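Using the sequences and the hints, build the whole thing.
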Amino acid sequence: MKTIAAKIWEQHLVRREAGLPDLLYIDLHLVHEVTSPQAFESLRLAGRRVRRPDRTLATVDHNVPTTGRDLPWDDPLSIRQVETLRANCAEFGVPFFDIADPRQGIVHVVGPEQGFSQPGMTIVCGDSHTSTHGALGALAFGIGTSEVEHVLATQTLPQAPPRTMAVEVNGELARGVTAKDVILNVINAIGVGGGTGHVVEYRGDVVRALSMEGRMTVCNMSIEAGARAGLVAPDDVAFAWLEGRPASPAGAAWERALDRWRALASDEDAAFDAVVELDGAALEPCVTWGTNPAQSAPVTGRVPDPADASGEAAREQTARALRYMDLEPGAALADIPLDRVFIGSCTNSRLEDLRAAAACVRGRRVANRVRAMVVPGSGLVKAAAEAEGLDEVFRAAGFEWRDAGCSMCLGMNPDILLPGERCASTSNRNFEGRQGPGGRTHLVSPQMAAAAAIAGHFVDVRDWEMD
Amino acid sequence: MRRFETVRGGALPLNRADVDTDQIIPAKYLKRIERSGFGEFLFDDWRKDPEFVLNDPAFAGAPVLLAGANFGCGSSREHAPWALEDHGFRALIAPSFADIFRNNCAKIGLLTVTLAQADVEFLMARAEELPDAAIVVDLETQTVATADGAFRRSFEIDPAVRRNLLEGLDAIGLTLEREDDIAAFEERRADDHYPSTVPAAEESA
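Sequence lines, in order, name chains A and B.
All letters in the first sequence, in the order written, are residues 1 to 467 by the numbering used here.
All letters in the second sequence, in the order written, are residues 1001 to 1205 by the numbering used here.
FYI, nobody ran anything at the bench for these hints, they're computed from the structure.
Here the structure is a predicted model, which means the values were calculated and not measured.
Hints are not guaranteed to be accurate.
Here's a subset of chain B near chain A, in silico, CB distances under 8 Å, partners left out [to be verified]:
(1) 1017
(2) 1027
(3) 1035
(4) 1074
(5) 1104
(6) 1158
Cβ atoms here follow ideal geometry from the backbone N, Cα and C, with glycine treated the same way.
In structure tokens form, the structure reads like this:
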């Protein structure tokens, strides 16, 4: 009568003591350049070592340029951060996918791609989108730099047990409605703080029918509802996806792993602290209109009127968001003209995302006013997309085709919006200034972003001819 | 970690809900490799508005920040607590905090206090009216009170977090005292069930 989250928790209990948080063992620690330098520095000052370099993997993603990597790089602070990670990995013996490594990419794309992220594991990273790895049936969560240091030094974390929430999406999605729309609708339903303190288990027909990439998109944005983690019980979809990856078990070890993994699913009568149900058949393609990921509406909908919000605080929050986004109450979302389109990020930059976007643009041209870019999630995603000619489809349509990294999801590299620019983005956060100071972000699925790039405004992809 | 001592001083009312860490410290300032120096970039974009409360000299030096629900949502960047701490805040009071942010604060000695929405609203209204009036945040007794004693509330806090804050304990040092437990755990479980990140050739070398 246990949930998968509880099972994984118990399997990783190093020590439980009254009055103290549980000491939890960590199976995989992913490291990147932005949240690790201070952790390594403290480790060095304290004369401590990395306890398990063989359970640690580093790559560069947040800062790196996504174009002209063979040219001199005009950002001394980013260069210093990347060089610092390189030196720290060498000093502490941590495996590192450097910028020229074909496996380099967004840390949450790289882990699953290499088979390092497996069912039943505990996975952490100094990044809130670590919940992505939950798609494989792992308990994966983001941590801060002090905790990064803690895991480097001890391979454990003191943690209070989470509450559990079941998010059940049943029915069948309509054509053009994607994993991204599922999670945006979930966040809209429970709010940006609705998952606080909880590990969310996504369940139901719709979740079962999602591909592994789709499940990663859903789990990725668990943090946007405030959840500590999000996961999906591993099944044949997960196993098929894992089989044959570089770090996946093979031969007899694979068969034994399958037995262990199959036992992870939540027990039939497991009780959750909270249950949320959504009707998959009723979901529509979603567009955010505001400055947090819960502020969204169906693409067929309109910008809300602050006057309709309940309570003074909610009215003011909506009004503030509309002022920042420069939107009029009542305007049709489909009429919003766009300046930029970004297809990428740990939410939507995997091969399936790029295929889906390409299917919407093949043989068409990006609208005149729009600048559009595709940033694959890893070097290997990029190579795989090129092998099937997706780069040509995007280039022929007028998209920029770039190298792997976080890019315009958070604007730490040169890929940023200019003040006032409006962007349809497949990323995960529409916070003020997230993609560049003064920039305006609308979160959508890859299909919605691709079709919007062609049309120059949002369109309902359910009516869009796809190749 | 710095030991938490009772805070007595002004409270700055930031009357907004769902304040995300991208506002607290925008990503472009995360490129430093040091822990210090983030305070000057605290709420960098919002501070460009002269009306923003952090620009109000009446609240200069206030050690307590009052905020709306779900404060610190979004990114896991510890730079957000570092910036708040560097600016001079010692305690944050809100109806709720985002999980990772709250953990990060606890790790650096910055106290997060959860009070009922109505209590936070009361303290905000009072701060707006009487910016100089001090409030007292006492972790020993787990209370928030106005200096005149008219308002007094106790708050809940994880006992282990409370002790760490009061004693300024080094969390890593504490865990390393459990080194035997960690080694025993690794011994007891089938460690080879979990993938190694070290290439096989290197591992056997």
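Hints, one by one, checked against the model:
no.: 1; hint: 1017; in the structure: holds, 6 Å
no.: 2; hint: 1027; in the structure: holds, 5 Å
no.: 3; hint: 1035; in the structure: holds, 5 Å
no.: 4; hint: 1074; in the structure: holds, 6 Å
no.: 5; hint: 1104; in the structure: holds, 4 Å
no.: 6; hint: 1158; in the structure: holds, 7 Å
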